[in-house]
Amino acid sequence: MKTTEAEQSNTLFDALMDAAVDAIIVIDDHGLIRRFNRAAQRMFGYSLEEVRGRNIKMLMPQPHRQKHDGYLARYRKTREASIIGVGRETNGLKRDGTPFPIHLSVGEITGNQVGNYYVGIIRDLTDQKLAEDQVHQLEDQLLHADRLVILGELTAGIAHEINQPLTAIAAYADAGKNLVARGTDLNLQDFQLIYERIAAQSRRAGEVVQRMRKLVRTGTLSKTRHDLNQLIRNILLLFEYEVNKSNVKLEFFSNDALAPMYLDEIQIQQIIVNLVKNSLDALHESGRPDGMIEIRVDRLDKEVAVSVLDNGIGVPENLNKRLFEPFFTTKPKGVGLGLSICKSIAAAHGGSLSFSSPPRGGSCFVLKLPLEYIG
Amino acid sequence: MKMSEYDVCIIDDDEAIRESLRLLLFADGLKSCCFESADDFLEKGQGTTFSCMLLDIRMPGKDGLELFQLLNRESLLYPVIFITGHGDIPLAVSAIKQGAFDFLTKPFEEGELLKKIHAALDSFESNRKRALEDRELRSRIELCTPRELDVMRLLVQGLSNKGIADTLNISPRTVEIHRAHVMEKMDAESLPALVRMVTQLETDEV
Numbered sequence: 010m011k012t013t014e015a016e017q018s019n020t021l022f023d024a025l026m027d028a029a030v031d032a033i034i035v036i037d038d039h040g041l042i043r044r045f046n047r048a049a050q051r052m053f054g055y056s057l058e059e060v061r062g063r064n065i066k067m068l069m070p071q072p073h074r075q076k077h078d079g080y081l082a083r084y085r086k087t088r089e090a091s092i093i094g095v096g097r098e099t100n101g102l103k104r105d106g107t108p109f110p111i112h113l114s115v116g117e118i119t120g121n122q123v124g125n126y127y128v129g130i131i132r133d134l135t136d137q138k139l140a141e142d143q144v145h146q147l148e149d150q151l152l153h154a155d156r157l158v159i160l161g162e163l164t165a166g167i168a169h170e171i172n173q174p175l176t177a178i179a180a181y182a183d184a185g186k187n188l189v190a191r192g193t194d195l196n197l198q199d200f201q202l203i204y205e206r207i208a209a210q211s212r213r214a215g216e217v218v219q220r221m222r223k224l225v226r227t228g229t230l231s232k233t234r235h236d237l238n239q240l241i242r243n244i245l246l247l248f249e250y251e252v253n254k255s256n257v258k259l260e261f262f263s264n265d266a267l268a269p270m271y272l273d274e275i276q277i278q279q280i281i282v283n284l285v286k287n288s289l290d291a292l293h294e295s296g297r298p299d300g301m302i303e304i305r306v307d308r309l310d311k312e313v314a315v316s317v318l319d320n321g322i323g324v325p326e327n328l329n330k331r332l333f334e335p336f337f338t339t340k341p342k343g344v345g346l347g348l349s350i351c352k353s354i355a356a357a358h359g360g361s362l363s364f365s366s367p368p369r370g371g372s373c374f375v376l377k378l379p380l381e382y383i384g
Numbered sequence: 406m407k408m409s410e411y412d413v414c415i416i417d418d419d420e421a422i423r424e425s426l427r428l429l430l431f432a433d434g435l436k437s438c439c440f441e442s443a444d445d446f447l448e449k450g451q452g453t454t455f456s457c458m459l460l461d462i463r464m465p466g467k468d469g470l471e472l473f474q475l476l477n478r479e480s481l482l483y484p485v486i487f488i489t490g491h492g493d494i495p496l497a498v499s500a501i502k503q504g505a506f507d508f509l510t511k512p513f514e515e516g517e518l519l520k521k522i523h524a525a526l527d528s529f530e531s532n533r534k535r536a537l538e539d540r541e542l543r544s545r546i547e548l549c550t551p552r553e554l555d556v557m558r559l560l561v562q563g564l565s566n567k568g569i570a571d572t573l574n575i576s577p578r579t580v581e582i583h584r585a586h587v588m589e590k591m592d593a594e595s596l597p598a599l600v601r602m603v604t605q606l607e608t609d610e611v
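If you read the protein sequences in the order shown, they are chains A and B.
All the letters of the first sequence, read from the start, carry residue numbers 10 to 384 under the numbering used here.
All the letters of the second sequence, read from the start, carry residue numbers 406 to 611 under the numbering used here.
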């Protein structure tokens, strides 16, 4: 029997479909499955017979499952594509009910008598996502280890610095006590001197804390021109994973009219990182499902304001004033240096960092930088 | 009778620690001299005499342990007590192994501090006495003639006059005269006393 050219091309087409590594699914205008290649069968766990003629939404988890008919109808009416012609990452649903990450690209097949067909090419991202998650986990662990090391060094340094004056204070006090007890022939002036020294050493211990904050101030302030919007965007990239994982809605309202400013990139980044991290912690602690963080850059009269707003647990009013004190913390594993250092950085830039409780709850931190740094 | 100008020599880079220690020891009737670094001590302190050293283990420049190693070579007479912070315990232990007398952790427990210092001062006192005795003994030995030294060596080995005479191939009468000179020059009232003196010197010179 002689095969026609059309039959030959059909066989080749079927062979191509089945040889493809990616899943290929063809649906019609109404979303009904017309073709379902071998890779698709393997990926989703259905045989061709089980899916042919059924609605494609059976392969989608919610909310797409519910909305897909609407997507198609809208596209037929408006021709406004949200996925056709581009690809995107989404989720598929296996026969056993497990959702899995996929990359989906959709193309339109026109010129058909019965109406338009759509072809979806799908790649399973399960392994890739798994690897990414592992990388992120490792990164998290590294960051944590890093913080611990820095913390360890910091606390050892602080311990030594504070131990010195404490040692002297104890020795002066013991000496004074013994001199009195033994009725040593000392006059009041000698004792006055001892008290003065004890007082001086106490102040020295207090200054250790002040010095630590100055370290940040005088350390390595190197101001260069930066687009504040871009600087914040870069930081937010770092939080993308954590934000997605914790289901927080993070919005950034940039101020694109703002000219580049002179600032210490690392230190300003440190402030943003601290504030966003605090917001994430506050949201985590609140446990609310509609957690949101809003970051905005506003040009005020004489300043540029960066505000970080969240609807997390907020700060009780009686603790408001202590927020920026060194070593003050409400976190179980916190050291209480983050905000105090941030405030020093802001001051070093001639600006300020302030806190307010929004009426609807949560926290709002505002970093203000003077406009003279623009240029 | 005290032989040192000062009871305690304090070496610490922190002025407040030096001064408060000095005062605390003064309240206990002890006199201290202070140096602010290892080099400061090496430059100005060499002629100063004291009975015990309080040495900060962590100092800029040469640290306490380095200074101790420098001094230790000349076999110290005075005990050294290290001043350490909380994190320095391994360092302090290594110092003890190298012959330090003790160590004190900041901030000081007053009672512990004074107890250790007095123990160190006592130790210095007995070391010093012994060293003085050794020096005295050595100067007495130098008074003896080579022949008298021969006789003394054999005496402390337990030989009789007769045995010594035979060994040295001299008459017992001559041995008796040498022996009398030895006892007189060494200021030994009896043979056991002489044996003790020679044994002490031999132990200390090892």
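No lab work stands behind these hints, which were simulated from the structure alone.
Beta carbons are placed, not taken as given, at the ideal position from N, Cα and C, and that holds for glycine.
Each hint should be verified, as a subset may be incorrect.
[Said to hold, decoys possible] Derived SDA-like pairs (lysine to any residue); straight-line CA-CA distance at most 20 Å:
(1) Lys436(B) x Pro495(B)
(2) Lys436(B) x Pro108(A)
(3) Lys66(A) x Pro108(A)
(4) Lys186(A) x Arg533(B)
(5) Lys186(A) x Pro512(B)
(6) Lys520(B) x Pro108(A)
(7) Lys521(B) x Phe455(B)
[Claimed, not checked] Partial selection, computed: residues in chain A whose CB lies under 8 Å from chain B:
(8) Asn187
(9) Leu188
(10) Gln201
(11) Arg212
[Claimed, not checked] To spell it out: a stretch of chain B is covered by chain A in this simulated footprint if at least three of its residues, at any positions, have a beta carbon under 8 Å from a beta carbon of chain A; those stretches are:
(12) 416-425
(13) 448-456
(14) 520-531
Output the indices of the hints that this structure fails to meet, ascending. Structure breaks hints 1, 2, 4, 6, 10, 11, 13 and 14.
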